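> The residues making up each chain are set out below.
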Amino acid sequence: MYLTADWKKCTGCRLCLSVCCLCHFDEANPKKAALAIDAKFPEPGTFHPRVCDQCGTCASVCPVEAISRNKDGVYIIDSEKCTGCGACVEACPLKVMFIHEDSIVPIKCDLCKECIPVCSTRVLSIKE
Amino acid sequence: MFAYGGKVLRINLSTGQITVKNLDEKLVRDYLGGRGFAARILYDELKPGLDPLGPDNKIVVASGPLSGLFVPGAGKITFAAKSPATNSYGDSNMGGMLAAEIKYAGYDVLIIEGKANRPSYIYINNDRVEIREAGQYWGQGAITTEKMLKDDLGDQFQMAVIGPAGENLIKFACISHDFGRQAGRTGIGAVMGSKNLKAIALRGSKSLKIANPKLLKTLTGDIITQCQKHPALKLWLNQGTASVTVWSNEQGSFPTRNFQSGYFEGYKNISGDVMLKETIVTNKACFGCPMACGKYARTKKNNRTYYVEGPEYETAAMIGGDCAIGNITDLTYANWLCDELGIDTISGGSVVAFAMECYEKGIITDKDTDGIKLKFGDIESFEKILRKIAYREGIGAILAEGVKIASEKFGQGSDKFAMQVKGLEISGYESRKAPAMMLAYMTCDIGAHHNRAWAITHDIAVGRDKIEGKAQRVIELQHIRPVFDMIGCCRLQWVELDLSLEYYPQALAAATGLNYSLDDLLKCSERVWNLSRLFLIRESKNFGRHVDYPPARFYEEKVKNGPTRDSIAKKQDIDKLLDEYYRLRGWDENGKPTPAKLKELGLL
Numbered sequence: 001m002y003l004t005a006d007w008k009k010c011t012g013c014r015l016c017l018s019v020c021c022l023c024h025f026d027e028a029n030p031k032k033a034a035l036a037i038d039a040k041f042p043e044p045g046t047f048h049p050r051v052c053d054q055c056g057t058c059a060s061v062c063p064v065e066a067i068s069r070n071k072d073g074v075y076i077i078d079s080e081k082c083t084g085c086g087a088c089v090e091a092c093p094l095k096v097m098f099i100h101e102d103s104i105v106p107i108k109c110d111l112c113k114e115c116i117p118v119c120s121t122r123v124l125s126i127k128e
Numbered sequence: 001m002f003a004y005g006g007k008v009l010r011i012n013l014s015t016g017q018i019t020v021k022n023l024d025e026k027l028v029r030d031y032l033g034g035r036g037f038a039a040r041i042l043y044d045e046l047k048p049g050l051d052p053l054g055p056d057n058k059i060v061v062a063s064g065p066l067s068g069l070f071v072p073g074a075g076k077i078t079f080a081a082k083s084p085a086t087n088s089y090g091d092s093n094m095g096g097m098l099a100a101e102i103k104y105a106g107y108d109v110l111i112i113e114g115k116a117n118r119p120s121y122i123y124i125n126n127d128r129v130e131i132r133e134a135g136q137y138w139g140q141g142a143i144t145t146e147k148m149l150k151d152d153l154g155d156q157f158q159m160a161v162i163g164p165a166g167e168n169l170i171k172f173a174c175i176s177h178d179f180g181r182q183a184g185r186t187g188i189g190a191v192m193g194s195k196n197l198k199a200i201a202l203r204g205s206k207s208l209k210i211a212n213p214k215l216l217k218t219l220t221g222d223i224i225t226q227c228q229k230h231p232a233l234k235l236w237l238n239q240g241t242a243s244v245t246v247w248s249n250e251q252g253s254f255p256t257r258n259f260q261s262g263y264f265e266g267y268k269n270i271s272g273d274v275m276l277k278e279t280i281v282t283n284k285a286c287f288g289c290p291m292a293c294g295k296y297a298r299t300k301k302n303n304r305t306y307y308v309e310g311p312e313y314e315t316a317a318m319i320g321g322d323c324a325i326g327n328i329t330d331l332t333y334a335n336w337l338c339d340e341l342g343i344d345t346i347s348g349g350s351v352v353a354f355a356m357e358c359y360e361k362g363i364i365t366d367k368d369t370d371g372i373k374l375k376f377g378d379i380e381s382f383e384k385i386l387r388k389i390a391y392r393e394g395i396g397a398i399l400a401e402g403v404k405i406a407s408e409k410f411g412q413g414s415d416k417f418a419m420q421v422k423g424l425e426i427s428g429y430e431s432r433k434a435p436a437m438m439l440a441y442m443t444c445d446i447g448a449h450h451n452r453a454w455a456i457t458h459d460i461a462v463g464r465d466k467i468e469g470k471a472q473r474v475i476e477l478q479h480i481r482p483v484f485d486m487i488g489c490c491r492l493q494w495v496e497l498d499l500s501l502e503y504y505p506q507a508l509a510a511a512t513g514l515n516y517s518l519d520d521l522l523k524c525s526e527r528v529w530n531l532s533r534l535f536l537i538r539e540s541k542n543f544g545r546h547v548d549y550p551p552a553r554f555y556e557e558k559v560k561n562g563p564t565r566d567s568i569a570k571k572q573d574i575d576k577l578l579d580e581y582y583r584l585r586g587w588d589e590n591g592k593p594t595p596a597k598l599k600e601l602g603l604l
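Residue numbers (this note's numbering), protein chains in the order written: chain A, 1 to 128; chain B, 1 to 604.
Don't read these hints as lab results, they were simulated from the structure. Treat the numbers as computed from the prediction; the structure is a model and nothing was measured. One or more hints might be untrue.
To be verified - In silico lysine-lysine, DSS-like type, Cα no more than 30 Å apart, as pairs: (1) B:K217 with A:K71; (2) A:K9 with B:K300; (3) B:K217 with B:K416.
Input sequences plus hints: build the corresponding full structure.
See below:
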């Protein structure tokens, strides 16, 4: 199971980023979210959400085996084991693992699905 | 302090001094944020009588406590200064991403003082604040400058920039952001230009603490679901404010040919439907907005492709109707021109419409215009005169002062159709048959702006000729609006999607831990409204009720055609509205707040 985004519908409102941060860190900060939006302006004037497709590259490059796959096929970081080396962030093909100065542990989508209902144009959905 | 950035950043461009102070708790208690902060700080810090375009003026940029949070429409920021258009308190409210970003950088308020000795921009990256040279950006268009800055600093930076109009001190120069959002009104862009300040570039990565995150998540989650279920959402997502164009023409409230009429025969060619078919590329939202009323568009003209956000309703009204630019390609292009030059499309449209009418009536001639044959509906003469204005060339230097001063220079009775109040051009609603809307324009603290009190729907709902009760409703609306401007949110979810006002004090409490009832918030609004009135009184040489009068066209000339054809405002009704308005506000017969009212609000 993973999150997928239909970029053509994205309005760039960042509600998904806001709710992601609020649910995981009890704070407001879109830079501490497990997804991102690239805004391409003034041309061609489109938004491009980046979301994790649970490809598992992060787990395969982690030198301390801190990232493991759960029963739903979602890759989860064990923050106790993580050393903050950044290898997973570097290797992530979709650039959807994020480093923030508040913690050495990268931020990664745990497929909590909180971002899906807040989007009024229904950009985000789950793929089995 | 929960939800607030907690700091005030003060930058003096003359001395280069940069200071950071904690937010004052009393200021928070009485003025909440945003416009409230701006009005109080400017009233306290600006010496009466100063030149708005001199180094003593200050620009306050202020977010609200809910800006940047998980709250619908929490992307609104206030730019304020003493306005060069009105010589009094001026502000302009802007959407986009800046309101949120400034808080992630740790600040609620930015105060810009003095004047840089050369073109400069302010660089803010969290705690790192610098005044940098802007030689390479100076002279560039606003859209171009924002792109250059993004290329130079990175996409994570949010910009507020001015175009040539701001640099050249055009009194209706705007501040642009996010390729389509503007702080358009009251000429704050010119104040930036007067300080040699081309741009502010800002990035923040800090977190805002929330008093009760679980409650905020639940409250907002429910509200967003409610917004999504509202039948009006689809129209707003598809057309944004452009959906108002058809309605406004059907109501005969669409300013046309410099407010000679309230109905533009070509409105169907510039409507939201036409945009949907021909120009819209992307629905573009401000921070946290489920409605995404920004319509990012593309058009081709003279073999070049232009990208611009809009036209919004106000642009359609003031350039489409008021200058009679009646096709979507020309209108979109005109919108791009204004955005790139850094001109407010509302005042810009009104000034060009005024010039067109003056030319039509022979008040100005080819000799004055350097041969430009100004004509309603003609995009070529529109562009030529707009460029002359932006660069203050020839007659452009007079028009750059706004319609009030231009009409004083042109004379010959042109003041009667200089469509302004207090020096600010009237925005997009013909109001001769809409007393509440007219009163809203008359009494608006920053000059004739519609959205301090969008009262026309009340006129339509209760009867357009009715006078009784209108002042009461205008005051109610004038107190609701500042709540949004203070907390840093957009009002459109309330106006268009019927979101309950009760949500906001609840969200404010969940976010900040501060307990205000809706009535408490409205009391803060009343305080702000009276404070900006005191500012106006302090700055007026000859204060009296005459400052609240509409232009003579509204009471001396009938509407020429459309559904409101032949309607006219009566002078005795105007006085009746004002008398009632002053009385309900606790102001005297000249429109001055009484000592008792000021005491009640803690302003004396």
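> Does each hint hold? Answer for all of them.
Results for each hint:
1. B:K217 with A:K71: Roughly 28 Å separates the two Cα atoms, so the pair holds.
2. A:K9 with B:K300: holds (24 Å)
3. B:K217 with B:K416: violated (53 Å)
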